[in-house]
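Taken in sequence, the protein lines are chains P and G. Under the numbering used here, the first residue of the first sequence is numbered 1, with each subsequent residue one higher. Under the numbering used here, the first residue of the second sequence is numbered 1, with each subsequent residue one higher.
Honestly, the hints are just simulated from the structure, not real lab data. The hints are all genuine.
The calculated lysine to aspartate or glutamate pairs, modelled on EDC-like cross-linking and capped at a C-alpha distance of 20 Å, are:
{"#": "1", "chain 1": "G", "residue 1": "42", "chain 2": "P", "residue 2": "99"}
{"#": "2", "chain 1": "P", "residue 1": "13", "chain 2": "P", "residue 2": "84"}
{"#": "3", "chain 1": "G", "residue 1": "111", "chain 2": "G", "residue 2": "84"}
{"#": "4", "chain 1": "G", "residue 1": "71", "chain 2": "G", "residue 2": "55"}
{"#": "5", "chain 1": "G", "residue 1": "111", "chain 2": "G", "residue 2": "39"}
{"#": "6", "chain 1": "G", "residue 1": "56", "chain 2": "P", "residue 2": "99"}
Here are the simulated distance ranges between beta carbons:
{"#": "7", "chain 1": "G", "residue 1": "46", "chain 2": "P", "residue 2": "55", "range": "18 to 28 Å"}
{"#": "8", "chain 1": "P", "residue 1": "86", "chain 2": "G", "residue 2": "39", "range": "12 to 22 Å"}
{"#": "9", "chain 1": "G", "residue 1": "111", "chain 2": "P", "residue 2": "71", "range": "45 to 55 Å"}
{"#": "10", "chain 1": "G", "residue 1": "17", "chain 2": "P", "residue 2": "39", "range": "25 to 35 Å"}
{"#": "11", "chain 1": "P", "residue 1": "54", "chain 2": "G", "residue 2": "53", "range": "23 to 33 Å"}
{"#": "12", "chain 1": "P", "residue 1": "83", "chain 2": "G", "residue 2": "14", "range": "39 to 49 Å"}
{"#": "13", "chain 1": "G", "residue 1": "68", "chain 2": "P", "residue 2": "13", "range": "39 to 49 Å"}
{"#": "14", "chain 1": "G", "residue 1": "55", "chain 2": "P", "residue 2": "20", "range": "41 to 51 Å"}
Here chain P is said to cover these stretches of chain G; the calculated rule only asks that three of the stretch's residues, wherever they fall, bring their Cβ under 8 Å from a Cβ of chain P:
{"#": "15", "segment": "33–43"}
{"#": "16", "segment": "98–109"}
Here a beta-carbon is modelled for each residue, glycine too, at the ideal position from N, C-alpha and C.
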Amino acid sequence: EAGVTQSPTHLIKTRGQQATLRCSPISGHTSVYWYQQALGLGLQFLLWYDEGEERNRGNFPPRFSGRQFPNYSSELNVNALELEDSALYLCASSLFRFEQFFGPGTRLTVL
Amino acid sequence: GESVGLHLPTLSVQEGDNSIINCAYSNSASDYFIWYKQESGKGPQFIIDIRSNMDKRQGQRVTVLLNKTVKHLSLQIAATQPGDSAVYFCAEKLNAGNMLTFGGGTRLMVKP
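The task is simple: from the sequences and hints, build the whole structure.
Here is the structure:
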């Protein structure tokens, strides 16, 4: 069974641009979570999607947004990129409200 | 990759010894706890979990202990191997929500 997949692996953008990150959950999982892991910091919760709806968001500005598609895959969009947005963005999926399984992440670098 | 920064607490153990990684969690309302292992360049990997109605749970070579009185969680790894070298995170989930709140991580280094 395939795990959580994310694309791209690496993404380089310049300040002010927009970034789009993609995530495919484990087959059968309906919830997708996004986390930011900046250098020197732990994992910070960004967004939670379940059954196509945004269920919760962390303490991030509105320029961080996303959506979940009917096939449960998800997209994270970051607008007006800032240098401090450089981080590893991790996606996780779960079926029930417990175990979350993570993908390998997308390394976003903002120059 | 360099998933966490330069100021992680580090535990250095000899191969074959037992390791104990500790974590203090923040919210007494948390009802579920997970330990993750993150190797360089990879996403966190689920190791073991425990619900708040338990004090101890065992897996293969790993044991998680939960002390709700002092809000403390520990991960014990038996017969530590070089492949156990990684950063270990504890995470808690509040009963009211679904997102995980992660601790800062501990780097485990296994000396051959």
